[in-house]
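With chain H's structure known, arrange chains Y and W on it following the hints.
For reference, the chains in residue letters:
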Amino acid sequence: MRVNKKSLLAAGAVAVIATLGLASCSAGDSGSDGEASSSGTLTVWVDAERVDALKGAAEAYTEKTGVEVELVGKDNADIKDDFIQQVPTGKGPDITMGAHDWLGELSTNGVVAPIELGDSAGDYLPVAIDASTYEGTTYMLPYAVENIAVLRNADLVPEAATSFDDMIAKGQAAGLAHPFVVEQGAEGNPYHLYPFQTAFGAPVFGTNDQGYDSTDLQLGNAGGEQFAAWLSAQGKNGTGNFNTDIDGDIAKQAFLDGTAAFWLTGPWNVGAAIDGGINVAIDTVPSPTGEAAAPFAGVKGFFISSESKNKVAANDFLVNYLGTEDVQLELFKAGNILPALSAAAETASSDPIIEGFAAVGAEAVPMPAIPAMGSVWQYWGIAEADIINGADPTATWQKLTSDVQAAIDAK
Amino acid sequence: MAKETKQRGAWAEGLAAEGEILAAGLDADARERAIKDARRTGDGYVPPKRPFKFGRWFRATGWRHVVGVVMVVFALFPIVFVISSSLNPKGTLTGSNALFSRIGLDSYVRILTDPQVPFTQWFANTLVIAGFTAVGTVFLGALAAYSFSRMRFAGRRFGLISIVVVQMFPQLLAVVAIFLLMSAIADWFPAIGLNTHIGLIMVYLGGALGVNTFLMYGFFNTVPASIDEAAKIDGAGHVRIFFTIILRLAAPILAVVALLSFIFSVNEFVVASVLLIDTEKQTLAVGLTKLVSNPRYADWSAFSAGAVLAALPVVALFLFLQKYIVGGLTAGAVK
Amino acid sequence: MSTTIDDDVTTETPPKPTKRQRQAANIADAASGGIKMLLFKLVLLGILDAVAVYAVLVLAGFGQWLIAIVVAAVAALVNWIYFSRRKLPAKYLTPGIIFLVLFQVFVLVYTGYIAFTNYGTGHNGSKEQAVSSLMASSLQRVEDSPTYPVTVVDQLGTLGLLVTDPDGDAYVGTNDQPLEPVDAEFDGDKAVAVDGWTSLQFADVLARTDEITELAVPFSDDPNDGAVRTPDGSSAYLYTSTLEYDEAAGTMTDVTTGTVYSDIGTGAFTSADGDELLPGWQITVGFDNFVRAVTDPRLAQPLVYVTLWTFAFALISVASTFFLGLFLAIVFNDMRMRGRKYYRVLMILPYAIPSFLSALIWAGMMNESFGFINQVLLGGASVPWLTDPWMAKLSVLLVNLWLGFPYMFLVCMGALQSIPDELQEAATVDGARPWAVFRLIKLPLLLVTVAPLLIASFAFNFNNFNTIYMLTDGGPRDSNAPIPVGFTDILITMVYKVAFTGQSRDYGLASAYSIIIFIIVAVISIIAFRRTKSLEELN
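Residue numbers (our numbering), protein chains in the order written: chain H, 424 to 834; chain Y, 101 to 435; chain W, 308 to 846.
Just so you know, these hints were derived from the structure itself, not from any lab.
Ideal placement from N, C-alpha and C gives every residue a C-beta, glycine not left out.
One or more hints might be untrue.
Now the in silico label distances, taken between C-beta atoms and shown as ranges [as the list claims (entries may be wrong)]:
| # | chain 1 | residue 1 | chain 2 | residue 2 | range |
| --- | --- | --- | --- | --- | --- |
| 1 | H | P775 | W | D472 | 43 to 49 Å |
| 2 | Y | Q221 | W | L747 | 50 to 56 Å |
| 3 | W | E554 | Y | T213 | 55 to 61 Å |
| 4 | Y | V228 | H | G700 | 55 to 61 Å |
| 5 | W | W742 | Y | V228 | 30 to 36 Å |
| 6 | Y | V228 | W | W372 | 31 to 37 Å |
| 7 | H | P775 | Y | V228 | 49 to 55 Å |
| 8 | Y | V228 | W | V416 | 28 to 34 Å |
| 9 | Y | V415 | W | V377 | 39 to 45 Å |
| 10 | H | G479 | W | E450 | 22 to 28 Å |
| 11 | W | L750 | Y | V415 | 48 to 54 Å |
| 12 | H | G479 | Y | A224 | 28 to 34 Å |
Just some of the chain W residues that point at chain H, by a computed CB distance under 10 Å [said to hold, decoys possible]:
| # | residue |
| --- | --- |
| 13 | T428 |
| 14 | S440 |
| 15 | Q447 |
| 16 | D517 |
| 17 | T549 |
| 18 | L585 |
| 19 | G587 |
| 20 | T694 |
Isolated chain H, as found in the complex (with noise of 0.2 Å):
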């Protein structure tokens, strides 16, 4: 085809009367697209399961202050990792959900900003205040207290279990082959086990008045080989109380089906549990020793960004909203996990399902959050599998506290 004088001409008539008619509707765009609305806005990223039992908070806080609040779903594998990078670009969220155990990771990375409590601090549960302070500092608006506890089947045993040994007992005269069950994977869950562990006096790290020493690895002591040794005797091949390869799923079902009569899990799974007709009382860890079985305590709460251009409204609507006990009680309906605001988890300690787990919590202690945990979470749960499968307890156990300390030296 010939390009000629015409042609050119033309397309500069098409292109010039194209552009301008563009141009003008631009002109009216470009000036107002220039800032986003930050002031107006809170964005709040929220567990997908979560969302509704926020949406009375929101539209309270929209009406009292005009300050819109946008509830965003997220994904709960994705939550922590896409925070700490999209904080930085700005792109990022005013407040997210989170565990407590974040916080050395989120303070590593300088993405959340200190909230102050005030006078509050006082209203919510020590153990709950105690986790959401890092390194002297308070991160975190606590809304609920996890830890897991055991779930019996009270129609097949009617009581309650005064020690390990007694509970196994207890469960086989009831006919069950394997009256326990906990969740466990090919590689181990130390957190399940850890009830276990603290009988026999052995915590991760020591503590001492800024929180967990992370120079102070307390895993291999005398206790941890003393537990290491039952843990064996517990195993394949022992008694098969622990069993790799039971997931969740598998011990969901056993306890569902009625082959086994106590189960070692969370609140998480009790509504599945009552669901299915079963009979469910919640007792205290039993302990292998005369030691208590403290579990560990995980904090849910919120964090403020570092970067968040709504400081102050964020604030207030998290000390002063979200730190209601009506707000509390909505995300407790939620999730059926203690709430933190100690006035919010008396009234829902009514419920003895509840209340069962409160009496466990009262003994619970938060999960280490500094991140010389993460090297202890490298090596915990894979140990603890290998013993179960027959590794010799004793090497394993010291393996595993040395491999630990090396990673947290090499930091």
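Okay, now just chains Y and W, sitting in the frame of chain H:
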């Protein structure tokens, strides 16, 4: 005119008949005879009645059925778990081996009616995004494949290799990079940036020029250049050759690429979950995964139900495209 | 075959075109010649130009000059390509390449850039962000200090705090002026207004939220007494700061211990002892990450067997999926078989189900004690599908075969159609048996079309992070290794475990590893490409 039409019709039918004869697996003599018969009568090939011999049938076709059944079992049995789980609203995914212990449509009802789970919205979003991506990928890829196949230019071989090699780059940080890119675009052109369908489609089209293009290139290469030349002699320009000849002859591979691209977009999760923030804008993959992202509150039954429903458009598209993929004699005749 | 058929083709005109063919021909006619085509092209380019001008204006409005220039240049280039008479290949390639460069090449370049920085945990943002974060977290509330009800006030643009102390007295101060007693109006127990100052409503407080976060009113002339700050505009507390930032000197001083942390160029404030104050910030580190990647002692032990397994995994996956897919495509290509449509649909179903769901189901089915395969199919056997090192490798290959054969099946179905039937018939007539026909005619022709796909599939499986991660997470673990590597880990999952350990994510290191792996795979692929004749013409 009528006679010509009749002749052309007969010719086409004759070809079809010949194909059948050849496929019938007769020996050489019988074949020759049958071909002559078919041409003479113009009736098409009517195979002589032969007694049905199981042995012969089995050797020719029956064993194929055996293979088919074996493969279907292999392909389907994990999917049976999905279906079983979708019908068992209170069950776990793989906690129990008692498949189909409970049959209930509650999960299907739940995903279709729960306001927290706007399934139909997600379904529509997915169809739109996957549809446009598939069409765009086929079109862009065919354009590029045509130029690689029919034209010679500096950097042709380099171009061919690099479009495939670029796709091999580990997408470890792709999420971060794309988020930064799209949020920057969202600052300036909100309509095509973060949290828009157009933005997501554009990101997917970034992958249009890749292995799929190579596939089309390979196929185009098997279309003889003599056809191009014949058309050129008739006065057709390169665009006309592209649209009327090459695309039609390459229908099988275009259909395959369309299907592959569609399936890819339907199942793509990582980029879609970063780019689509509002629940109403999300796709099925993103929305359904939220149902099971928290292992403690995972509703596998609802997720399985959603996965079953999400597989339906893929199956429908495949059924529709099958006749293009295995065009068979039509392709041969036009050649 | 007799030659009469060919004669018919050349002497008779082809059958009358269908309606669709006529329509296509009309479009193409219009498209390929004359005025209509020119007009069509002008309209399209006109729209494109208009959009480009709009984009440039918007970008200029945001001050993004560099990008505006790039957009203008690209638009000019596109115009030049489509208006010139030659440049034919470019006309076909341009749309695809624009998308490719913008979305794929950009990702590549970005990953490459990150490999030269220390982006990761502890070096997450810019220096300003790190400083403000450090200063914010260094605030300690003075012990036993009360909560002060406050009102934010403003005098000629300067913000101040009107503080009510527990005794009921009112004070006012600003960032520069310590608290001074004043007479104020009270609303109940709280001072709400004072002469010479305007009290801010909550909406105004929100509008100036940045300034209010910075507002720190000294309690008295002695800086050690701390400063009063308000986090929410209505109550304030007394804070001291444990850190002092000297911007000019670039140091952070811990006032409680006296340690001085300075910026020595490593991306964090470091003391003389080497203690770092985190958070730090992102800086470029040159080739550090690459050096670390290559010389990391933790990798030495597992590197050999992981590399061998990666190659084996990729090669066996490609071979098995291809041959199964090809076999099935041929089997179901036969005209005589009825119901092949249904078999085909059922066989591509694995491809239509989300792969992570399938991987989870396979993992569940392969559970040693409770899985479907052991319990039901094998009647109670105890085959350690995922827990024995070699069985786990087999299981991974099996699952990958299940996931991948439909793709190869589809591709081969399409590619088989490119082999002219005449060739096969000619060979059959000449007396060739089916297997020979396949080996000598079909397979070579097919490979020409499909070989690049096989190479790409090899590269994909070499980096197939998802399947391995979801099925076994690299397990079963090698307990002797210093890193949590397992016996089904491939290179990419292993480097992921090295770079992302516990709570720390070292994106710079991970990118360096990705680039190294990419170079390996790309070199292999390019060599393979040259050996196939796919780049040559074949007609």
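To see whether the hints hold, each was checked on the structure:
| no. | hint | verdict |
| --- | --- | --- |
| 1 | H/P775 x W/D472: 43 to 49 Å | holds, 47 Å |
| 2 | Y/Q221 x W/L747: 50 to 56 Å | holds, 54 Å |
| 3 | W/E554 x Y/T213: 55 to 61 Å | holds, 59 Å |
| 4 | Y/V228 x H/G700: 55 to 61 Å | violated, 44 Å |
| 5 | W/W742 x Y/V228: 30 to 36 Å | violated, 47 Å |
| 6 | Y/V228 x W/W372: 31 to 37 Å | holds, 36 Å |
| 7 | H/P775 x Y/V228: 49 to 55 Å | holds, 50 Å |
| 8 | Y/V228 x W/V416: 28 to 34 Å | holds, 30 Å |
| 9 | Y/V415 x W/V377: 39 to 45 Å | holds, 44 Å |
| 10 | H/G479 x W/E450: 22 to 28 Å | violated, 37 Å |
| 11 | W/L750 x Y/V415: 48 to 54 Å | violated, 30 Å |
| 12 | H/G479 x Y/A224: 28 to 34 Å | holds, 30 Å |
| 13 | T428 | holds, 6 Å |
| 14 | S440 | holds, 3 Å |
| 15 | Q447 | holds, 6 Å |
| 16 | D517 | holds, 7 Å |
| 17 | T549 | holds, 9 Å |
| 18 | L585 | holds, 5 Å |
| 19 | G587 | holds, 8 Å |
| 20 | T694 | holds, 6 Å |
The structure shown violates the earlier hints numbered 4, 5, 10 and 11.
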